[in-house]
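**Student:** Residue-level listing of the chains:
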Amino acid sequence: MPRARFQTLTEQMFYILICLRKECCGMDIMAEVSRMTDGRVNVGPGTLYNLLEQFLAADMIRETKTEGRRRSYILTEEGKKALENEHQRICQQAADYRKWMGGTS
Amino acid sequence: MTRFKLEIPLYSFWDHTSLEKHLQAMAAKGWFIRQTGALWAYSQGEPAQCRYEIGYYPNAGVYAPSTPKETAFDELCESAGWEIAAEQGPLKIFCSKNMDAVSLDTDPVIQTESIRLARKKTQRANLIVSAVYGVIALIYLWFWMMHPAAFFHNTFAGWFGRCAWITSIMAVTEEITFYTWYKKALRNAREQEAFTPTRSFPQVTLLFLALIAANTLWYATTHPAAGLLFILCAVLLFIGWFFMEWSRLNLRRNRTPGWVVFAVHLLIGGAVFVFYFMAQSALGGF
Numbered sequence: 001m002p003r004a005r006f007q008t009l010t011e012q013m014f015y016i017l018i019c020l021r022k023e024c025c026g027m028d029i030m031a032e033v034s035r036m037t038d039g040r041v042n043v044g045p046g047t048l049y050n051l052l053e054q055f056l057a058a059d060m061i062r063e064t065k066t067e068g069r070r071r072s073y074i075l076t077e078e079g080k081k082a083l084e085n086e087h088q089r090i091c092q093q094a095a096d097y098r099k100w101m102g103g104t105s
Numbered sequence: 106m107t108r109f110k111l112e113i114p115l116y117s118f119w120d121h122t123s124l125e126k127h128l129q130a131m132a133a134k135g136w137f138i139r140q141t142g143a144l145w146a147y148s149q150g151e152p153a154q155c156r157y158e159i160g161y162y163p164n165a166g167v168y169a170p171s172t173p174k175e176t177a178f179d180e181l182c183e184s185a186g187w188e189i190a191a192e193q194g195p196l197k198i199f200c201s202k203n204m205d206a207v208s209l210d211t212d213p214v215i216q217t218e219s220i221r222l223a224r225k226k227t228q229r230a231n232l233i234v235s236a237v238y239g240v241i242a243l244i245y246l247w248f249w250m251m252h253p254a255a256f257f258h259n260t261f262a263g264w265f266g267r268c269a270w271i272t273s274i275m276a277v278t279e280e281i282t283f284y285t286w287y288k289k290a291l292r293n294a295r296e297q298e299a300f301t302p303t304r305s306f307p308q309v310t311l312l313f314l315a316l317i318a319a320n321t322l323w324y325a326t327t328h329p330a331a332g333l334l335f336i337l338c339a340v341l342l343f344i345g346w347f348f349m350e351w352s353r354l355n356l357r358r359n360r361t362p363g364w365v366v367f368a369v370h371l372l373i374g375g376a377v378f379v380f381y382f383m384a385q386s387a388l389g390g391f
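These protein sequences, in sequence, are chains A and B.
Residues in the first sequence are numbered consecutively from 1, following our numbering.
Residues in the second sequence are numbered consecutively from 106, following our numbering.
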């Protein structure tokens, strides 16, 4: 069954929203996500464009300014909440792993 | 002087995997895509290793100039190292010299949905034409069942009926091929976060086109004057279609209002039809 929209975030969504904790434009987001994850996660421009549009429609981010053709965005309270929920979910998964698999990290 | 090459596009609009491979192979031979449409135009240059990727932007305008959002999409792709090489409505062909450039689409669900939405936009007009052809095909089927020998009657009506059948089968084949891929791609994307390569059948398209050409030649050879005129007009229409696309792209790029671009389109297409009907009347009608 498909997941409800933004109930859980994909890795790409998660890192894009983290980037948007401060004002950022699309080009910066692509570079920042790659840098944050040491190149493990990359966001393509087509995917990024679509996700930014979806985040805007869901009021998770808002557009802050347009300089020439460069559009910048920042996280809203709704976006922070979604990010926090995802963080909680990942922490819970890690805790469950430690509990049942006996890991230390 | 730059040399050009024209090619009949045989791959489906949504078959980005095959299109990308094909464009890369053409670039390796020194042919670079410049224009899409009824005929795809390539210009010659030094053979190069290029990566081609197709981006689907469902809200792209066909006649109206780019909206700020569409421009933002193009610019975002450019900033990631992807130069736009050609476009055909929602289908945008990007090229990169950097073989390690991050792909345009890194999320399979988003890519699959973009392809479906882009196709839906282009299919609206096609569906109306296909439906009309379908009805005509059924009328002819009924007629041929009543009069089997009429199938081989080499009249204009016979030619038209056979063409309607070929076109209808072509449209149904295309729908089945797309939805078979789409269902599989969406399942793979949602369940495994995996991309599913697309695959259309250019050989089948070629077969259908060959059937239409054979049907037309048959008609033309038994009606020399009308038939030759008919073939001439078909070629003119193809050339006209090429220039319609060329003018559309250039006018759109120069931010000409959508209605002007549409009017120019209509004028070129209409001129060929008027020429055909006038010449056909001069030859004594259909």
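Hints are computed from structural coordinates only; laboratory data are not their basis.
Mixed in with the good hints there might be a few duds.
Below, a list of computed lysine-lysine pairs in the DSSO-like style, where the Cα atoms sit at most 30 Å apart [unchecked claim]:
no., chain 1, residue 1, chain 2, residue 2
1, B, 226, B, 134
2, A, 65, A, 99
3, A, 81, B, 288
4, B, 226, B, 289
5, B, 174, A, 80
6, B, 134, B, 225
7, B, 202, B, 288
8, A, 81, A, 99
9, B, 174, A, 22
10, B, 288, B, 226
11, A, 65, B, 288
12, A, 22, A, 80
In this text, all values refer to a predicted model and were calculated from it rather than measured experimentally.
**Student:** Against the structure shown, which of the earlier numbered hints fail to hold, in ascending order?
**Tutor:** Hint check: 1, 2, 3, 6, 7, 11 fail, others pass.
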